[in-house]
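Peer 1: These are the residues of each chain, in order.
There are 2 protein chains.
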Amino acid sequence: MLITENNMQKVLYNLFVKYKFTSEKAHLLANVFTESTLAGISSHGINRVPLFIGYIEKGIIRIDSEAEQVASFGSIERWDGNLGPGIVNATKCTNRAIELAKQHGMGMVALRNTNHWMRGGTYGLQAANANCISILFTNTKPNMPPWGGKDSRIGNNPFVVSIPRKKGHVVLDMAISQFSFGKINDYRLKGEKLPYHGGWDNNNELSNDPDKILSKERGLPIGYWKGSALSIVLDMLATLLSAGNSTAKISANDLETGISQVYICIYPEVFTDEGLQQKLIEEIIDYTHNVESINPGDQVYYPGERSSQTRAKHLKEGVAVNESIWKKIILLSEK
Amino acid sequence: MLITENNMQKVLYNLFVKYKFTSEKAHLLANVFTESTLAGISSHGINRVPLFIGYIEKGIIRIDSEAEQVASFGSIERWDGNLGPGIVNATKCTNRAIELAKQHGMGMVALRNTNHWMRGGTYGLQAANANCISILFTNTKPNMPPWGGKDSRIGNNPFVVSIPRKKGHVVLDMAISQFSFGKINDYRLKGEKLPYHGGWDNNNELSNDPDKILSKERGLPIGYWKGSALSIVLDMLATLLSAGNSTAKISANDLETGISQVYICIYPEVFTDEGLQQKLIEEIIDYTHNVESINPGDQVYYPGERSSQTRAKHLKEGVAVNESIWKKIILLSEK
Chain A
1 MLITENNMQK VLYNLFVKYK FTSEKAHLLA NVFTESTLAG ISSHGINRVP
51 LFIGYIEKGI IRIDSEAEQV ASFGSIERWD GNLGPGIVNA TKCTNRAIEL
101 AKQHGMGMVA LRNTNHWMRG GTYGLQAANA NCISILFTNT KPNMPPWGGK
151 DSRIGNNPFV VSIPRKKGHV VLDMAISQFS FGKINDYRLK GEKLPYHGGW
201 DNNNELSNDP DKILSKERGL PIGYWKGSAL SIVLDMLATL LSAGNSTAKI
251 SANDLETGIS QVYICIYPEV FTDEGLQQKL IEEIIDYTHN VESINPGDQV
301 YYPGERSSQT RAKHLKEGVA VNESIWKKII LLSEK
Chain B
1 MLITENNMQK VLYNLFVKYK FTSEKAHLLA NVFTESTLAG ISSHGINRVP
51 LFIGYIEKGI IRIDSEAEQV ASFGSIERWD GNLGPGIVNA TKCTNRAIEL
101 AKQHGMGMVA LRNTNHWMRG GTYGLQAANA NCISILFTNT KPNMPPWGGK
151 DSRIGNNPFV VSIPRKKGHV VLDMAISQFS FGKINDYRLK GEKLPYHGGW
201 DNNNELSNDP DKILSKERGL PIGYWKGSAL SIVLDMLATL LSAGNSTAKI
251 SANDLETGIS QVYICIYPEV FTDEGLQQKL IEEIIDYTHN VESINPGDQV
301 YYPGERSSQT RAKHLKEGVA VNESIWKKII LLSEK
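Taken in sequence, the protein lines are chains A and B. Take the first sequence: its letters are residues 1 to 335, numbered as in our numbering. Take the second sequence: its letters are residues 1 to 335, numbered as in our numbering.
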């Protein structure tokens with residue numbers, strides 16, 4: 001079924017108010033879940049809302065908690081999320097990193113004890129809208145084996161880089177896994193194989209068969225041993241800088257909570273006027289865009305280009321939402 | 001042939017002095033090339049020395065030039081490398097980023113117009129030895145197609161993350177390509193296929209055949225579309241922050257020069273005492289190390305573990321050096 005942006009915002013806002021969020025927070029949550037859905041990331045948008053409510057009902061997400069600063073030195077700060085909603089904490093910490101960047105050229109907030117931030121690109125866009133570059137990452141529960149190992153002991157630790165751009169911000173928003181389990185499940189439902197290896201089967205062989213991978217969740221890091229190492233160092237940075245939980249500690253809980261994140265923002269305008277900035281970015285986009293494509297008719301995209309096109313389309317036409325998910329949400333708001 | 005660390009340092013020092021480097025710079029260069037060789041990275045160590053000398057003879061690397069600051073704001077600075085030797089510039093900029101980190105908690109130097117830094121991990125170790133975390137990256141000439149494109153338009157942009165650790169620093173030092181062309185050539189010489197896809201063949205198909213990949217240098221980014229996007233944003237950050245050359249601009253020269261780099265250092269001790277830091281890192285290493293391995297007898301490594309083991313072995317036993325490379329170097333120093 002097609003849902004308009006306006007309708008989704010309204011339904012979600014009412015749902016969150018019903019669950020005792022302040023009007024301000026309900027508005028923020030409704031907006032972030034809606035925007036992620038419009039951008040085509042339903043897995044961390046509308047489809048995730050029932051799970052989010054479930055976490056609130058279980059007391060894993062504390063609706064009244066907010067991130068607060070626990071240490072500060074120059075351009076860097078450490079915050080504690082007090083197990084509040086990941087979206088609220090992430091928005092606050094991104095704002096603070098932007099402020100620090102505008103004051104010091106670059107700023108960092110390391111956040112511990114927070115919950116899933118949903119779509120990481122949300123905060124990359126937030127920074128870019130404030131004319132800041134951002135480098136953001138989070139740890140997660142274990143869902144991939146370290147290279148050479150049998151069991152999942154490293155997280156897919158989403159990593160975000162954003163760059164402000166007049167003609168549409170550049171946003172890289174990627175998990176360190178080659179495919180998310182959500183995506184692997186999509187292939188399963190379509191009865192298709194993955195185009196490349198996506199995880200390990202029960203014989204400890206790399207596989208592109210969704211059924212075989214999903215029987216035991218052991219995802220494949222991008223670049224095999226390289227992504228494995230990248231996941232480990234991102235976990236170390238987030239854990240060390242926030243003095244928070246590592247993937248090892250997070251694994252002790254059945255449900256993922258109390259995770260650690262890093263928000264770095266840089267304010268390039270202190271060095272470079274906006275005109276030169278835009279010229280330098282367009283030079284890179286033109287060069288990579290103007291390459292002949294391998295499959296005639298295909299196009300090469302810059303990071304974030306497709307999600308912004310998807311958003312524009314959905315804003316105009318409404319966005320297709322899974323009917324049973326939508327019904328569940330309506331039911332929750334009427335409960 | 002086996003060369004001792006001492007002998008390599010001495011021969012290289014004399015070579016660089018002969019090529020008119022100051023005693024201080026000759027010592028630094030000899031040390032970095034030797035250390036990279038000891039760590040097992042001969043491709044950016046001893047094997048690279050003749051090429052480095054060739055660049056000097058062609059005037060591409062200017063031996064008297066040094067990086068100098070061109071802009072500064074709070075915790076971030078922009079430097080110009082003036083086309084000096086990459087190792088000298090990188091060492092200086094890492095030192096400056098360490099100083100900024102100790103002053104502001106975190107610091108950044110963006111460097112333009114520099115030359116190849118050889119082994120990126122060198123500067124990760126330098127930061128870790130000063131008790132700093134580092135995040136470092138460089139752009140390069142184009143050597144991979146952007147995802148979906150035919151021609152190489154993006155760089156393999158090496159990316160380094162280091163974390164200080166009492167029992168051996170953690171150092172991730174990875175190019176964004178799945179395999180370097182040097183490594184692909186090693187497989188070719190051994191008459192072996194790559195274990196995974198490493199680039200594109202002449203039919204625009206992904207291939208693990210070294211001959212087919214090397215006929216037209218089009219490498220594969222880690223994680224396919226993900227590494228492609230990561231390469232693009234790293235190039236944007238380095239270019240934008242230094243106001244330097246992008247991979248697009250670098251491609252205009254036949255030989256790679258005038259590249260752009262970013263040095264970010266963080267000084268975690270302003271928040272966390274050393275004891276807690278080490279405890280948090282060991283927790284992550286223990287968890288990932290203690291995983292059962294897929295192939296009995298194999299071991300899972302933390303990033304940087306193997307190169308430090310290799311270094312210890314080579315320090316004790318000497319390091320095997322290709323005879324024709326060594327002869328070439330001896331000849332250059334006697335010329």
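To be clear, the hints were calculated from the coordinates, so they are not data collected in a lab. A virtual CB, placed ideally from N, CA and C, is assigned to each residue, including glycine. Just to be clear, a hint being listed does not mean it is correct.
To be verified - Calculated lysine-lysine pairs in the DSBU-like style (CA-CA distance at most 30 Å, straight line):
#, chain 1, residue 1, chain 2, residue 2
1, A, Lys279, A, Lys167
2, B, Lys313, B, Lys327
3, B, Lys313, A, Lys141
4, A, Lys58, A, Lys25
5, B, Lys316, A, Lys249
6, A, Lys193, B, Lys193
7, A, Lys25, A, Lys190
8, B, Lys279, A, Lys249
9, B, Lys249, B, Lys141
10, B, Lys279, A, Lys313
11, B, Lys166, A, Lys141
12, A, Lys167, B, Lys279
As the list claims (entries may be wrong) - For the chain A half of the interface with chain B, some residues (derived, Cβ under 10 Å), not all of them:
#, residue
13, Tyr13
14, Asn14
15, Gly74
16, Ile76
17, Gln178
18, Phe181
19, Asn290
20, Ile325
Said to hold, decoys possible - Covered stretches of chain A (chain B as the covering partner; in silico rule of three or more C-beta atoms under 8 Å from a C-beta of chain B):
#, segment
21, 25–37
22, 60–69
23, 92–99
24, 161–175
25, 240–249
26, 308–320
Peer 1: If a hint holds in the structure, say so; if it does not, say that too.
Peer 2: The hints, checked one at a time:
{"no.": "1", "hint": "A:Lys279 with A:Lys167", "result": "holds, 11 Å"}
{"no.": "2", "hint": "B:Lys313 with B:Lys327", "result": "holds, 24 Å"}
{"no.": "3", "hint": "B:Lys313 with A:Lys141", "result": "violated, 36 Å"}
{"no.": "4", "hint": "A:Lys58 with A:Lys25", "result": "holds, 19 Å"}
{"no.": "5", "hint": "B:Lys316 with A:Lys249", "result": "violated, 39 Å"}
{"no.": "6", "hint": "A:Lys193 with B:Lys193", "result": "holds, 25 Å"}
{"no.": "7", "hint": "A:Lys25 with A:Lys190", "result": "violated, 37 Å"}
{"no.": "8", "hint": "B:Lys279 with A:Lys249", "result": "holds, 13 Å"}
{"no.": "9", "hint": "B:Lys249 with B:Lys141", "result": "holds, 9 Å"}
{"no.": "10", "hint": "B:Lys279 with A:Lys313", "result": "violated, 49 Å"}
{"no.": "11", "hint": "B:Lys166 with A:Lys141", "result": "holds, 26 Å"}
{"no.": "12", "hint": "A:Lys167 with B:Lys279", "result": "violated, 46 Å"}
{"no.": "13", "hint": "Tyr13", "result": "violated, 33 Å"}
{"no.": "14", "hint": "Asn14", "result": "violated, 37 Å"}
{"no.": "15", "hint": "Gly74", "result": "holds, 4 Å"}
{"no.": "16", "hint": "Ile76", "result": "holds, 4 Å"}
{"no.": "17", "hint": "Gln178", "result": "holds, 6 Å"}
{"no.": "18", "hint": "Phe181", "result": "violated, 16 Å"}
{"no.": "19", "hint": "Asn290", "result": "holds, 8 Å"}
{"no.": "20", "hint": "Ile325", "result": "violated, 27 Å"}
{"no.": "21", "hint": "25–37", "result": "violated (count 0)"}
{"no.": "22", "hint": "60–69", "result": "violated (count 0)"}
{"no.": "23", "hint": "92–99", "result": "violated (count 0)"}
{"no.": "24", "hint": "161–175", "result": "holds (count 5)"}
{"no.": "25", "hint": "240–249", "result": "holds (count 7)"}
{"no.": "26", "hint": "308–320", "result": "violated (count 0)"}
When the structure is compared with the earlier hints, violations turn up for hints 3, 5, 7, 10, 12, 13, 14, 18, 20, 21, 22, 23, 26 and for no others.
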